[in-house]
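Asker: Sequence:
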Amino acid sequence: MSGRYAETTARIVYPGEVSLNLGALAEPLVDRLRQKGYEFDVVGQAAGHELLFVSRSLIVTLSRPEEHSDTVCVSSETPRDAEDPSAATKMRFRACAAVVRHFVASQAASKIVWSHAGREYVTETGGERIAPCGGALQDKQADNRDNAPDLPDEQSVPLKLAIYTMNTSLMLVSLPVGAGMLTYNLLKGGSINATGRVMALTGLAIGASNIPSMPEMAFLGSLL
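Just so it is clear: in the sequence shown, position 168 is 167 by numbering that gives the first Met the number 0, and no numbers are missing.
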C-alpha cells in the first residue's frame, strides 16, 4: 500500500524483551483513538502478529518484529490522494502519537524512532511530549523554562535593590538618561539582568567621573 498511502511510523524501543497480547490491546486502543476523534470500520489481527485499525481515511497498524523482541512498531497511513493533504498528514501523525503515548504511559521506553514526512527523529527516554513536526523543540524549550527554579528571594531582592539604586544614582548624574531608564524599568518590566548591564555601561560612559562615592557603586556591582 506504500504507493497509494503516505505513512508515519514509530519504533518504540524498550530496555528488554516485550510481549504483545494483541487481542487484549484492541479495545483500550480503540477507546483511546476514539477519544482523539478517530473511528474505524474494521479492527482485527492480521498474520498473527499485527493489529489493524482500518477506516477509509486512516489505517493504524501495531506490531512487534520477530527479529526485534525489544521493539513495538506503530504505523499510521493516509491516502495520498486525500482532499486535504495537510490535514491528512496531521491526522496521520496524531493517530500514531496517540498509540505511542498509550505504551509509554504504562512502561518507559529507551527511545522512540520516528519516520514522518520524509524525515527521521529520535525521542529519548522521558520525551513523552512527542511532536517531531515543527513545534517539538519549542515545546521542550518552553518546558525547560517553565520548570526552571524561581530565583530565591534572598538573591532577587538585593538584585532589584541594586538596579533601582543604580537607576537613581544615574538619574542624579544625568537626569534625562537616568529618568528615562528608570521609567522604562518601572513601567515596561524589562529584564533585571539586561537592565543591570545597560545601566553599568551607561554609568561608565556618562557618569563615572561625576559619582561622588565610587566604593558604594563597587559594592552594588558586587551584588550583581
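Possibly wrong hints are sitting among the right ones.
[What the hints assert, rightly or not] Cut-off 27 Å, straight-line C-alpha distance, at most; resulting in silico cross-link-like pairs (DSS-like, lysine-lysine):
| id | residue 1 | residue 2 |
| --- | --- | --- |
| 1 | K35 | K89 |
| 2 | K35 | K110 |
| 3 | K89 | K110 |
If you're looking for bench data, these hints aren't it; they were derived computationally from the structure.
Since the model is a prediction, treat every value here as computed from it, not as a measurement.
Asker: Each hint: holds or not?
Answerer: A quick look at each hint next to the structure:
1. K35 / K89: holds (12 Å)
2. K35 / K110: The given pair, whose Cα atoms are some 24 Å apart, holds under the 27 Å limit.
3. K89 / K110: holds (22 Å)
Checked against the numbered hints above, the structure violates none of them.
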